[in-house]
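K.L.:
Single-letter residue listing:
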Amino acid sequence: MDILSLFIIVPIITILVLVFTKNLKQARVVSMVGSSVQLLMAINLVFAYFKERAVNSSIMVFTKDIVWFEPFNIHYTIGVDGVSVALLLLTAIVVLAGVFISWKMCDLPKEFFISLIVLSIGVYGFFISLDLFTMFVFFEIAVIPMYLLIGIWGSGPKEYSAMKLTLMLMGASAILLVGILGIYFNSDADGGALTFNILEIAQVNIPIESQKLFFPLTFIGFAVIGALFPFHTWSPDGHASAPTAVSMLHAGVLMKLGGYGVFRVAMYLLPLGAIDWSWVFIILSVIGVVYGAFSAIKQTDLKYINAYSSVSHLGLVLFALLMLNKTAWNGAILQSLSHGFMTALFFALIGMIYGRTHTRDIGKLGGLLKVIPFISVIYVIAGLASLGLPGFSGFVAEMNIFVGAFQEDNMFMRVATILSVSVIVITAVYILRVVGIMLMGPIKKEAYLKLEKVTWYERFGILLLLIPIVGIGVAPLWLSDMILESLDPFIKGLL
Amino acid sequence: MNIDYIILIPIIPFVVFLLLGVFHKRIKPAVSGYIGVFGLLASTILSFYAVYQYFFVYGKVNEIYQTFSEKSVWMNFTETLHIDMGILIDPISVMMLVVVSVVSLMVHIYSRGYMKGDEGYTKFFAFLGLFTFSMYGLVLATNLFQIYIFWELVGVSSYLLIGYYYTKTSAIAAAKKAFIVTRFADFGFLIGIMIIGYYTGTFDFETLNNPEGSAILNWAATSFMGLSVITWALILIFIGGAGKSAMFPFHIWLPDAMEGPTPVSALIHAATMVVAGVFLVARLFPMFYFVEDGFALNIVAYVGAFSALFAAIIAITQTDIKRVLAFSTMSQLGYMILALGVSGYEAHEGVGYMASMFHLFTHAMFKALLFLGAGSVIHAVHSNYLKDMGGLRKYMPVTNITFLIAALAIAGVPPFAGFWSKDEILVAAFEHNKLIYCVALFVAGLTAFYMFRLYFGIFWGKDTAYMHKPKESPLSMTFPLIILALLSIVGGFIPFSEFVTADKSGFQAHLNYPLAAIAITVGIIGVALAWVFYKKENGLSDIYAKAFGPLYKWAIDKFYFDEIYLFITKKVLFKRVSAPIAKFDKKVVDGTMEGIGNKTVVFSNKIKGMQSGKVQDYGFAFVAGVVVIALVFIYLWTN
Amino acid sequence: MDFSSFLLMRHEIILLAITLLLLVAEVSIANNKKNSIVHLAIFLFGIHTIVGFLKMDYGDLFGGMFHTNELIKFFKSVLNIGVLILLLQSGDWIEEKILHQQRGTEFFMLLFSSLLGMYFMISAGDFLMFYLGLELSTLPVAALAAYDITKRISSESGIKLILSAALASGVSLFGISILYATTGSIYFIEISEIITSNNLTILGFVLFFAGLGFKISLVPFHFWTADVYEGAPISIAAYLSVISKGAAVFILMILLFTVLKPLMAIWENIIYVIAIITMFIGNLFALRQQNMKRFLAFSSIAQAGFILLGMITGNQLGIATVVYFVLIYVFSNLAAFGVVQAISLQTGKENMKDYEGLYRTNPNLSLVMMLALFSLAGIPPVAGFFGKFFLFTAAASKGYYLLVFLAVVNVTISLYYYLLVVRAMFLRKNENAIPYFKSKIYMKLGLLITAVGILVIGLYSPLYNYIHELSKSFLN
Amino acid sequence: MIEGITIYEILTLTTIIFFIGVYGFLTRTNLISMLISVELILNASVVNFVIINKYLYPDVLQGVFFSIFIIAVAAAETALAISIIINLYRQISSVEVKDTEIMKY
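Which chain is which? The protein sequence lines are A, B, C and D, in order. If you're matching positions, the first sequence starts at 1 in UniProt numbering and goes up one per residue. If you're matching positions, the second sequence starts at 1 in UniProt numbering and goes up one per residue. If you're matching positions, the third sequence starts at 1 in UniProt numbering and goes up one per residue. If you're matching positions, the fourth sequence starts at 1 in UniProt numbering and goes up one per residue.
Don't read these hints as lab results, they were simulated from the structure. Among the hints, erroneous ones may be present.
List time: in silico EDC-like cross-link candidates among lysine to aspartate or glutamate, alpha-carbon distance up to 20 angstroms [as the list claims (entries may be wrong)]:
(1) K151/C to D99/D
(2) K387/B to D542/B
(3) K583/B to D107/A
(4) K370/A to D118/B
(5) K71/B to D90/B
(6) K398/C to E159/A
(7) K25/A to D107/A
(8) K586/B to E159/A
If we strip away everything but chain A, and leave its shape as in the complex, we get (with noise of 0.2 angstroms):
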């Protein structure tokens, strides 16, 4: 079994084992296990991608390919290269923390961490996958286990919440459809066979009109995932129903396809449709940066706060991925990173918070750095390295968005680039709007005074994801290079 397929087989292999435990002590346990061998996987993944990569300098390595519907061509292709081994090792890292916050899921466990892991499925696939119907297939598991996982599990208006999300999403991918058929069928321009095949479709000169014709259909397929303004209302009722664990996975991994998507299929594949629909989606995207920022300030639901500051941190991707030079693609791909910790960490403490306060409106807390100092000090590291603080991953990715964005030289661009900028200001206010009046001040609440002081494994999943962001903040330089040099044969494609 190659290294990749077995991103896929050991979670159906923990699934099998999920579908005969009893309760929740097992399931738990069971997912635990499954998701830690993930990580370790994913950890020996980027060790191995180092080592091949020095002997292999094809644009994919670890590729294997099957066939498995001749007569249209689909294959089972996979490969990786830096961008989706960091990814992979950020959804192999959430998803695990996700366990571990999802510790004392008491109604229907099984089937909760069965839904859990079946997502993670669809993730890892679509990471791994170089076949775009295969991508597309895996892009639907991961979505659609969200209906049930925040159906059945959610709160609040969650029925409502999940039909809402499921349908924009399934949307979206319908829309998308249509956009890989078009490529499909125009991946014979030059003579060749019909191919799904992702780097063999890169080949080919698709003609301009067909390609101005299908990028939009393509990239919105995936931009809706990736939060586009307007397209992203399916965000802020999703995250607020989901279940804390389901939120993590969501926004930290699932969001992230979006940007994947696009830079890996409507980029690379659509380079002069990308360039002739630039514009529109920037500016697009650069609202999505700015309104996200400014409607998060006025929430007053932590979850809503943190899911506005989402769509504003992806726009950001979406904005760098238009921008057609590495530096920015390079940012995009390090923001999804670090929003993918990022945000992931904010859902768990928020859903620690919340668990013990049993309310998310920051109007009713105050004065929690008292009480529960660790969640309350993790909340502020949080919440400095979403602002963009050096030493977070946050900064780094940020500052490669705006030079990479800045290289780009005419008016427009230079305009857009300057807006988003800002963000850092509006990030700043709301951020510490949310940590002055939550977790400083007076005490509001008598009850408050004897709240539950962390667990062990809520303590796990904090630092679990806490690292990751230190970590980039802190030595980028391996990371970054490693997603650099993997860009080189996708930016050709546009110059």
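Model the placement of chains B, C and D on the given structure of chain A, informed by the hints.
P.N.:
Here is chains B, C and D on its own, set in the frame of chain A:
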């Protein structure tokens, strides 16, 4: 010159920070205090060793102070652009090392007494460690991005320390304000950096500052709205500096920052962090000077002058002693900035530069002293307000004397440190721009006046009835006072012009006697006025206050700048921008998505009548369908 | 021709034999052990299904009236599997509800004769055989729709079906007669050589097309569907929605692709339009259905719309994808109907409301239902996704991107109402939910087969490749 | 071949019969009479087949045979329909089409 060991200077406090931060539960307060102090002592010793090595052993090669740097890539942007981490050794950075070390060490020692019994004792020292680390990193930075990184870090440590009493709402607000205002300035800074990076292809100071370097020579290559982009970049960068150094109009955070513990105010908001702006301009001085014939530099000069005056006027009217000191800090920073602004480059031309750095040095000493003194007073009387003080000289002699020395120093009375540096600044201003000179002179007078208003108000004046008799602070607090007092006395005699100059080749600075005389007289007049007004309890001050009427009122209310900012943020941004956006998102954007769904359901309800259940209707539909299709495809859709 | 050539009609002959055997059994077996008839019927049909797969040779009979080839054989097997599953699912129902009325055997006989009609229909070589097959497949179903004589709605659905069917067949007959007038033959082979596109042919074609559109229940020939499904016994609804629709789709496709190929310029436009309105109408009506049978009825109308996407291509890819989709659709829809059957058999409840909280009481049923619905909605990794994706690919291969776009819009709409059922079963908590019950072995088997099918068919690509090869050989 | 009568007249006639049948199907209120109308429709096509065969393609008798089959099937259809109607009548003692509308929407 081997500069590896200098790495240790910032590392040590950082290690202290980690140590105290991670184990703050397990470490006993007393221990943590010692850890902090000794850690910093080590750094201080190393800094002094560095000074010795640089200035007296290796530094000078054929009459020019060399620049040594060691750096390694931290992150790559493009083939040419990358962020380095490293250390840059040249006169000003070495000088700053000393300033930071000394003041920080003093503050550490002082805090052991001042913070005694506070539950966050360990945390406090951890934060101090973090700050000191960041400040070292800032002064040693080798390139714009490194300086920006540590710039942010000092910003955040200042945020943490201002908000140290995090249960006090005012403290939280102040911390938030400080961070966001400076952050807003950094927004400009960052864009400036990016412009520089894009048009010169480097962030590195050595490359940028080289007068024969491409960065400076082809400043005119690209221009935007009539100015060179480089000039724009420098202006933007200066905005960043202005934010940190509380220059007008970014000054509003500094007074509120006094909510923090007094040692913090002494360290961060008087001596070290706030001079980062000055340091930044000095660091990029060649660019400021050469690019577009110092266009940006003029702006710097005027901003500095105005801030100095502005702050001095407000300082006169304040009654919270820490705020008075805060405004005086702002005013003195303005002084330094304007000195840079009026400076030239070659040899004696660069006197302004030298003077600015000199003043930075001396000011760090006596302003820290003032704050620590004020701290010890507050410690004694448990109040910040002049009205609760008076006649303290009997109770706390040491504080009294040291405070007096500091006051004399800042008032520019010889032979105290302040006189020398201030005199150089006035010389520079006089040679360069008469208007600025007059302003500076006037400010000097005002400074003397409000400083002694403060002094007399605290230590003389009426004898306030204290509920429990104030007593002199413990040795751990008075010792730093004494040390700093000594430095404020002797500091002025350092032949600064030999060491720190714009073109790095020292020159002989001579006292310009007429100017010095004028300065001294102005200073004396200020002191004398203060004496008349405040030494004894008399109505004079009130009478004159009335005489000035509205102006006085405005000054007390800091010319309503806080209100303006509040209006812009609360009323405009929150109410008029973000609230509508939030509503828009719920109603319009989300509403459309909702609408699509709901409309579909509504429509499906509308058409349900088609399924009437009457088999004859079905039959009709059937036949009608057939006929319509037949007709359409026979007559219309014929292809 | 010798008798061996009758073996070309192996399916038909065996099925006829089974039917007659059952007749004999009916008269010979005593009333009190009639339930053995059920076992016998299922057993025999199982045998027949297996035999159906065995290798046989292909060709024409009766001067081309009867024609068979590998694809047709395969499709008959598909129908067999469908019917077998259907029998398994309805076995318990017969035993419990029908036998005591002494009417058990009729069910099987009518069902089988209808199936026989379909055999003839899909392997028809001329319009006469086609017409006979059509009627033979329709009339018994009408009888079965009214099978539950105790229920008024059952008779109502029966009458609705028979009347509409009569009208439809009348119309299509008139169409056939016109085609006969223009071409002078009723043999497909000859027609395909002679036929040319002129107004009269178009008229004839449209009338004829309406007749098949009725069976596939395309808008606007679909109105009978929902009412009949609701009234008829669930097995019959399932049969109508799966088997008879499947057969009709198949023969329509054959006719369009071979006999009426010259009219392609016309019929692809017709199908284009009808596909769109069918998808939209089906979905929009399905949105608000509460009764599961009506719900599935409209969903099956929408599915028919999707099938047209494959039919519009008029090439080998179209055949392959359509047959593949029908195969998947058989499993998915039968699974859904099976669950409805099981529940209504136990509790008599057929409304979506009654399903609330089902998962917590009957997890397995709910899971099968969810699989079925996901498959119908086209969500990976279950089979339905592959079926739909390939249909869309087929349509896109002809450049009908707009059509595909509208189709995916409809997929999203359909997802909404399929999720409504999932919501009822999984998300809702309900203290008076349907209590836990155990189904009989037949039902379990029937559901199990469908579930496995749904899971396997999609992922197991050789199956599709096989169909693809068949369709290749079919066209040349 | 009938003297003096061309195929057009007869086809017109059959078409008229066809639409009479359709009209009847759509308007009669009684199930039985609807059934009769259906018969009209079928008969229209029966005549069609015969005439077309006779006038246009007299050499082979495909049409004629076809019509015979149609008649047979029509009979079966009617029988079945009648039986269902009777069954309905048993339950609701009415053969009015308006009584068969309980399932709708």
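K.L.:
If a hint holds in the structure, say so; if it doesn't, say that too.
P.N.:
Now for the hints, and whether the structure bears them out:
1. K151/C to D99/D: holds, 14 angstroms
2. K387/B to D542/B: Holds, at roughly 14 angstroms.
3. K583/B to D107/A: violated, 35 angstroms
4. K370/A to D118/B: holds, 14 angstroms
5. K71/B to D90/B: Holds: K71/B and D90/B sit about 14 angstroms apart, inside 20 angstroms.
6. K398/C to E159/A: violated, 40 angstroms
7. K25/A to D107/A: Judged against 20 angstroms, a Cα distance of about 12 angstroms means the pair holds.
8. K586/B to E159/A: holds, 18 angstroms
The structure does not agree with the numbered hints 3, 6 stated previously, though it agrees with the rest.
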